[in-house]
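Trainee: As a plain string of letters, each chain reads:
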Amino acid sequence: MSAIAEPLSEEDGALKVYDVSLVPADPPAELLYQHKPDLLGSARELLRRGEVIFTLAERDIRAQYKQAVLGIAWALLTPLVSLVMLFLLAKNVKGFSIGGGVPLILNMYVGLVTWGLFGGAVGGGASSLVSNKSLMAKSHFPRECFPLSQILGSAFTSLMATVPLAILFAAYGFAPRSASMWAPLYLLIELPMTVGLVLLVSSVIVQMRDLQQIIPILMPLVMIISVIKPMSVETHHALHASPTFFVHGWLRLAYCVVNPMAPVIDNMRGSVLLGFGPQWSMLLCAAIGACCYLVGGYVLFKKLEVNFADLS
Amino acid sequence: MPTFPKGTVHAEQVWKRFRADRTLPLFQEQIKLFGRWLKGERRDYRWVLRDINLHVEPGKTHGIIGVNGSGKSTLLKMICQTTFPSAGSITSVGRIGALLEVRSGIHPDLSGRQNVFLYGNILGLTRAEIAAKFDDIVDFAEIGDAIDRQVKFYSTGMAIRLGFAIAAFLEPDILLVDEVLAVGDARFQQKCLERISQVVANGTTLFYVSHDLPTVEAVCDRAMWLADSYVRADGPARDVVNLYRASVEEQASMTVAHDTGVRILKVEITGPDGGQVVSGEEVNLRIVAESEEAMFGAFHIGVSQGTAMPVFVLRYASSFPEGQFELRCKMHSLPLPKGRYSLWGAMRAPRNSGPTANLPWQPLTSFEAFGPIPIKAPSGVMVLSPVYVPADWELS
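If you read the sequences in order, they're chains A and B. Here our numbering is used: the first residue of the first sequence is 1006, the next is one more, and so on. Here our numbering is used: the first residue of the second sequence is 22, the next is one more, and so on.
Bear in mind the hints are in silico, worked out from the structure with no lab data behind them. Honestly, I wouldn't trust all of these hints.
Stated by the list, open to error - Derived pair list, reagent style DSSO-like, types lysine-lysine, alpha-carbon separation capped at 30 Å: (1) A:1138 - B:27; (2) A:1041 - B:53; (3) B:60 - A:1308; (4) B:287 - B:359; (5) A:1138 - B:154; (6) A:1308 - B:53; (7) B:53 - B:27; (8) B:27 - A:1308; (9) A:1138 - B:173; (10) B:397 - A:1021; (11) B:60 - A:1041; (12) B:81 - A:1021; (13) B:397 - A:1071; (14) B:27 - A:1041; (15) B:60 - B:27; (16) B:359 - A:1021; (17) B:154 - A:1071; (18) B:27 - A:1021; (19) B:53 - A:1138.
Can you make the complete structure from the sequences, with help from the hints?
Mentor: Right under this line is the structure:
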């Protein structure tokens, strides 16, 4: 004890009055808190308290539809309404001829659903730490739960969006190709990417709210280049889409590392609609990129975590 | 680090600072900071807590008192582990239930029921464990059917009752209560205090932050007094509270206005035959004062435990002359037990009556009363101010 106490009596637990002038102005340097994130330890703690993620996601989903007259029905209605809009758009856009026997709207919708899981999670998770300030000040549990619960919420929304997709398939009498069995693999690459980016964005926003404004502008841009530009010649020809990016070579692989969403969406469409198998080299690069985002995002999150309670 | 049983809070040389130079995260500010960093200047910090040492065993109750801005809430947040200490280490073992501000952690768009499950889950309880306590929570909060209503439609009282019930019934190992009970009505406050002593009896550690000193005395075994980021004292709650009261009086006397029309020149307070002041005995008070103008008004005196809230007041209305005058008062029997008290006084002219010369309510002097020691109330019952009542008991 660095402050000198003047016990009024020798008795243990008696009143102690401290002379504050004896307390130094600064603590001894060796006491200063050095923040060394323990990634494995916190991942274990996260697994132990993983239930909280589900609770928070459930809360958000419930709260989202609570005041609405139609309630949870909106979870289905929203993708249906956007489907109708897409339908009108697809009917009236000239120049995008529908090749490969694939209806354009199906092409759009498969891309959007694949993107939706990622885009919805990043859009929702971005401000998850800032907006849960009061809960964060009250209780101690892994802070990752807030952004991760948003991924779960986004997964719910995406699941709901597959209902209109099934309707579309039925309406066009178009069955998903057997190569659709690869879809879980693509989602498996999308998941670490989503987790990494959500962690990264949400933790940076606590310090720099600018990003909160940038994200809604940036995400649609990334979506447009990832969804609209096919990455391989086959897909390009089959879909008669706009010209491809980096058709060949290492530049394309490098792009896959930077933007894993592009090959994921591309492969998803190729498999589900055209029956192509996975493009392994691109997917491998995407997986490497996604894992980099995951580790980088988690490290940054853990580093910035010290300030969450003070700044949010 | 030794391992402690559940419910222990242990802090060793804990310091907490905030950045003092943080203004706005604007671009130009950042550039300025970067420039200073280039010049090799160190960042400015403001210490909000210095050298906190604390060890609280499971099942003990600990109060934290101090004026606004002395670091009480920051300390609670660190015990809650929601914010990190800047230096030193703090360990809280077990589940922590926190009642830090009204509606904190209660989601306004969810119903009361959903909130109970949400918070219980965050505390680490399973659905079945929460369900087992659910009826108790609803009963205690007295919200009945409203439990299925969205919390944003609750009144403040209902929200705080629900918040307290959730925190107090989900059996945390450590319960943190910050200043929230003051929001509830008197009956609910008493109910909460009773619940707190029950929870504590079951082995929960309680941290209680309040400006309401009587409740701190009623609830806490021990207390810590924080002043301007320093620990001024810790020890048995009553002793610490008394020290704090004395300092409040000191502060009040330093801030009284001196350019008033009435000045107090001398105050004397004596017991029988000019001796010590004794409980139940006669007390004589002599006040010499000076007024700038003749006035008709009332002189009030009050006796308090240091704060501006007196245990009792006496009033003498008269027309006071210009210049010096002497006022004597004889109390036939002093209704106070042993302790240190302060004498406050004020002189006021009736409203809308010409001369404005007056004396604001301020401490005049302090004195020691001798006599029987004040009786301690049963745990969980707050005693507002000590009064000495001679009484005879009989059991048949």
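Trainee: Going through the earlier hints one by one, which of them does the structure break, listed in rising order?
Mentor: Of the numbered hints given earlier, those the structure breaks are 7, 13, 15, listed in rising order.
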